[in-house]
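> In the order they appear, the protein sequences are chains A and B.
Sequential numbering of the first sequence, starting at 1, is according to the working numbering.
Sequential numbering of the second sequence, starting at 1001, is according to the working numbering.
Misleading hints may appear alongside valid ones.
[To be verified] Now the stretches of chain B that chain A is said to cover, found in silico as 3 or more residues with beta-carbon under 8 Å:
#1 1132–1138
#2 1355–1363
#3 1548–1560
[To be verified] Mimicking DSS-like on lysine-lysine, the simulated pairs with C-alpha atoms at most 27 Å apart in a straight line are:
#4 A:15 - B:1502
#5 A:96 - A:15
#6 A:486 - B:1266
#7 A:154 - B:1154
#8 A:629 - B:1015
#9 A:15 - B:1154
#10 A:486 - B:1183
#11 A:486 - B:1502
#12 B:1502 - A:557
#13 A:557 - B:1154
[Unchecked claim] Just a few of them, taken from the derived set where beta-carbon distance is under 7 Å, the chain B residues facing chain A:
#14 1044
#15 1048
#16 1052
#17 1323
#18 1407
#19 1477
If you're looking for bench data, these hints aren't it; they were derived computationally from the structure.
Beta carbons are placed, not taken as given, at the ideal position from N, Cα and C, and that holds for glycine.
Number of protein chains: 2
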Amino acid sequence: MPVPAAIQFLAGRLKIEASFAVAANGHTDARLEAGIYRASRRLEGRTGFEFPRAPATDSQTAALLIQCNGPGSQVPSVKEDESYSLDVSEKQAVLKAATVVGALRGIETFLQLVEGDRQGYFIPSVKIQDKPRFPWRGLLIDAGRHFEPVEVIKRNLDGMAAVKLNVLHWHLTEDQGFRIESKRYPRLHQMGSDGLYYTQDQAREIVDYARDRGIRVMPEFDMPGHATSWLVGHPELGSAPGPYKIERKNGIFDPAFDPTREELYKFLEGFFTEIAQLFPDQYIHIGGDENEGHQWTTNTKIQAFMKAKGLKDNHALQAYFNQHVSKILQKLGKKMIGWDEILHPDLPKDTVIHSWRGPASLAEAAHKGYDGILSSGYYIDLMYPASQHYQVDPVASDGGLSEIELAHILGGEATMWGEWVSPETIDSRIWPRTAAIAERLWSPRNVTAIDDMYRRLEWVSLQLEELGLTHQKNVDMMLRRLTRTKEIGPLRILASVVEPVKVYARGRAHPATMLSPLTRLIDAATPDSRAAREFTALVDGLLTDAPRFRQNRDNIKTVLTQWRDVHPALDVLIDQSPVLREAEQLPHDLSDIGVAGLEALSYLAADTPPPAEWRAARLAMLEQASKPKAEVEFVIINPMRKLIILAAELPALKSIPVSQWRQRVLTVAGEKDR
Amino acid sequence: MPVPAAIQFLAGRLKIEASFAVAANGHTDARLEAGIYRASRRLEGRTGFEFPRAPATDSQTAALLIQCNGPGSQVPSVKEDESYSLDVSEKQAVLKAATVVGALRGIETFLQLVEGDRQGYFIPSVKIQDKPRFPWRGLLIDAGRHFEPVEVIKRNLDGMAAVKLNVLHWHLTEDQGFRIESKRYPRLHQMGSDGLYYTQDQAREIVDYARDRGIRVMPEFDMPGHATSWLVGHPELGSAPGPYKIERKNGIFDPAFDPTREELYKFLEGFFTEIAQLFPDQYIHIGGDENEGHQWTTNTKIQAFMKAKGLKDNHALQAYFNQHVSKILQKLGKKMIGWDEILHPDLPKDTVIHSWRGPASLAEAAHKGYDGILSSGYYIDLMYPASQHYQVDPVASDGGLSEIELAHILGGEATMWGEWVSPETIDSRIWPRTAAIAERLWSPRNVTAIDDMYRRLEWVSLQLEELGLTHQKNVDMMLRRLTRTKEIGPLRILASVVEPVKVYARGRAHPATMLSPLTRLIDAATPDSRAAREFTALVDGLLTDAPRFRQNRDNIKTVLTQWRDVHPALDVLIDQSPVLREAEQLPHDLSDIGVAGLEALSYLAADTPPPAEWRAARLAMLEQASKPKAEVEFVIINPMRKLIILAAELPALKSIPVSQWRQRVLTVAGEKDR
């Protein structure tokens, strides 16, 4: 994962043994050697073997032979050739690539292919020709709203490399925090960050670390809105007199730069000159989103300026601002990128449009000759399942774009907006779902089977742990803190079938700021519940698979019995942990769900229809249970609804083939599949 | 934990609510404020509350009032006053301390006291007067054999502070690695470390981080032996011509400094001058252990020198060396400390003896007027249970030391030798057992109840996780990597009743080097098995607790049934994971143990004696099962043996009171309690 552009499995296998060695007989350099070193250590960790450390001298006997043609670009670029081929025979794996980055991509594929059985570790014989569908495959990490320390960024860069993502979009400034040291304007980070910022040395360290993994680091400095934290130390840049203080809430705020002041552009030129040296990437992101211009509208000086310049509205004023910034960046040899809002005919054609609106706005930009990348549909902070992101393609299928227009669509980025993530939880919000987005951006358009995606996602998720990512292990840790005991079994059962509320619902029922602890049940809960997926599959099995009907029924019974019976143990845990009090209704809801499900199963087993009022009562109960509590929600409501309707409709269903049951039940339930 | 010097629980409780605030109305400074900040965030994490961030202005209404008299010493010192008092009433907790470090110790006590129930979070009313029994309470981290990155050191410093340890003994050089940057002699770290070393900036960062938590950082540079890594870049310092290369094996090696050369002392003076500036602590540890002098014996020049100087053996030559080093350190204003071997009448009286031999050698040093600290009995790398370390006291009870001699015994240090620890596993080797050693060194001598220690240890172990320590969460992660699946339940059962082989047995059956991956079952297994402790308690219950006989029997049956039945699932996991192949006998041993135990239970239930050969056969099976496999060993053998003997002896036992069964069974088994 991502699935290669072309792959052909053959008979046979290459054994992985203690003598495993890698030889590089083409171009080699420190970056490639470091990549081989890291891969070898990971493979040692999995297999328990200690491999020879000396470089393989004999390219004939090395298990992995790498033939790399050249270093590629000095600084990772959007034009980098990332293609590679991998031929695994019983004798040897041969990895060929034009660049070191291509070789690094191939090494990750190699590592993913390792399997084991009674005969030992091996890689199946395979022929792979691979290259990315899109050249821009990114992950945005918002360190503005919640700061994320260097080690968090590093382990996520490792995760990105493992799934062949190649852009870290580092969102460094927000109303809630200014996160990068400026030696030229130290009041920016000193007064705008609560002391939580990256030093320039750390920024360089991250850039080097990313480069080593073939990943670009593109910084974002959101402007002219989202700018509160700039104004704390430099109120003179703002459109209202201030004073300003760091924003603690979540939302869209008024503070914005005053685009009418020449001093602003001097300041920004100074700032970007400093920044341009720190970040070698060709692009600088200027945000540009969600500026509602309230400060502009209420500032008479700005209004007079707009009139004088013939700027008819705030959008025009922002375009005026963008043009100035664009010129500064051009002078520094950088290309500008910004969110949808910046699109304006006066901008140079090498500006890139970053779409949070959707593939259509991307197509529009392409039509106008602008490059674009997509993030709409890849907002992983919204807590949707991977399957949903996976179905979003940067190129709308009905787009009817020309070849030239298509080439303008560079790719996309998953966006880890930082309102509700801490260093403890961010990994579980990014992974493993982002691997599915990475596949969408790398693999051929027609790789779309969701079940197969999940099968591979589970596999990759395990491998991501070896990079130090905490998406799995921190869940139990957080449950232990919540329960103040090691005996978290009952809470784990509950947590496995709830998910955080979706979209922007968080913080409504339980007001919170950027300083609130992110250690509640909602933080321990993860999106894309596997248990719910499995339960859904079991119920779907009942609806489609006559031969396994009994077995599916028995499996469902086991699950439902657990749900029904877990509440007394949970009550005990909640009684000793006031932080869990907000969730005290959930065990009883889960118990009701279990009871209703077991009743449905007995009706199915007994072949007798339930009384008419049973169905209405149970569906009403489900409706109640489906309401969020403690800002989490059950994600087993849909399959439960199907189960109840199945039990109620069974006499009617018997007249049609089992293969049609599912459709009928869905129709009766008035829903589509989730 | 550690238990305070004096504690008195009173009626009532102080509520912990969202309005929680800390006021400091005595001395305050950045260090105290940072300590309050960290504690507040931890408490927020546990309770889910967002506390007000502004410092409490009203010392009457603050939940915690800190009255600190002064800053204490600039650099943490062995003479630091760490005492504090904590008075918690229903209105307020008042913490008084002479120094900031004392206040930090009291804050940790405060955090440990937080409980929760149906009424919310609270601290019970309590009066505490507390101070440490010993002024030197350390943890040695050996970063020489395996390098441990900065973040590992930092999170362990946090753990140390949580249990009131106050010395990080940083073992920085070993045959296997030279881990600190030397700007004066860069070949030391460049050639002796595989690139794995702390920069001087990082060392300063660690020193500051420790100071912030009231912890001294004492560096160790082991010499004249354990010196291979120095000699890789500087063979001219060695007693044999070289060349040298970094040692990869585990053991005692010959390379040693040549004490006859004047250039050596010039070099060391240059080196220590650089180091003394980096580490402000008053002490520098020079190791001095395990130098067998083979290189000296075979070097004719050295032999001639010894003859000329009248040095009659290698010990005398080492003393000659130590005196020279001692003078260098004296000139730099540092005190020297070294292992037992350095004790010699010519050394200045402010030299400190670090004992790996035992309390008797410490008493001997004290008698001669030397300060000393104990590590014998606190070797946590040996994989003994916490209970064993807990029973070791730095002052031998039969020591008969005078008051003055007693004052020479400064304390002790847990030693985390680094042969078999990686950044992934080191926390689980240090924690939670080191908390028991911390208690031995802080709390009154008569605090010795083991069951109570374990009860508190479990509690502290959970709280240590909030500091980022991975001792619990990495276990499951490693099991997932071993099994290549999330479904680790069966392996978790097995892993819970085995422990790594003890003392220095590791590496014999399965030869390994410092480059071998530490990702096998032995690495996922942890010392001091809780499951084994619980099983032992259940069996002991059978042997001592007549009223609960049936209930204990039923509980034991549940456990044994699980052991008996887990092997098919384990076989499947092992078949798909060759790295687990070495452990393939263990599930069958565990199954045999389960079967034998269940047989014993049926004999007990049926009140019929087993056939004579049954006992012999089952004990022989246990004997087989007790042999280490895959370098782990079952730690349920002793209680199983008791259970079998109980079943076999039941007819005879019936003639005596239940309270005497246990003793009788132990006598029959020919053993003492573990």
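> All hints, please: hold or fail.
A quick look at each hint next to the structure:
{"no.": "1", "hint": "1132–1138", "in the structure": "violated (count 0)"}
{"no.": "2", "hint": "1355–1363", "in the structure": "violated (count 0)"}
{"no.": "3", "hint": "1548–1560", "in the structure": "violated (count 0)"}
{"no.": "4", "hint": "A:15 - B:1502", "in the structure": "34 Å, violated"}
{"no.": "5", "hint": "A:96 - A:15", "in the structure": "20 Å, holds"}
{"no.": "6", "hint": "A:486 - B:1266", "in the structure": "55 Å, violated"}
{"no.": "7", "hint": "A:154 - B:1154", "in the structure": "17 Å, holds"}
{"no.": "8", "hint": "A:629 - B:1015", "in the structure": "25 Å, holds"}
{"no.": "9", "hint": "A:15 - B:1154", "in the structure": "40 Å, violated"}
{"no.": "10", "hint": "A:486 - B:1183", "in the structure": "47 Å, violated"}
{"no.": "11", "hint": "A:486 - B:1502", "in the structure": "26 Å, holds"}
{"no.": "12", "hint": "B:1502 - A:557", "in the structure": "45 Å, violated"}
{"no.": "13", "hint": "A:557 - B:1154", "in the structure": "48 Å, violated"}
{"no.": "14", "hint": "1044", "in the structure": "4 Å, holds"}
{"no.": "15", "hint": "1048", "in the structure": "4 Å, holds"}
{"no.": "16", "hint": "1052", "in the structure": "10 Å, violated"}
{"no.": "17", "hint": "1323", "in the structure": "40 Å, violated"}
{"no.": "18", "hint": "1407", "in the structure": "40 Å, violated"}
{"no.": "19", "hint": "1477", "in the structure": "5 Å, holds"}
In summary, the structure is inconsistent with hints 1, 2, 3, 4, 6, 9, 10, 12, 13, 16, 17 and 18 from the numbered list given earlier, while agreeing with the others.
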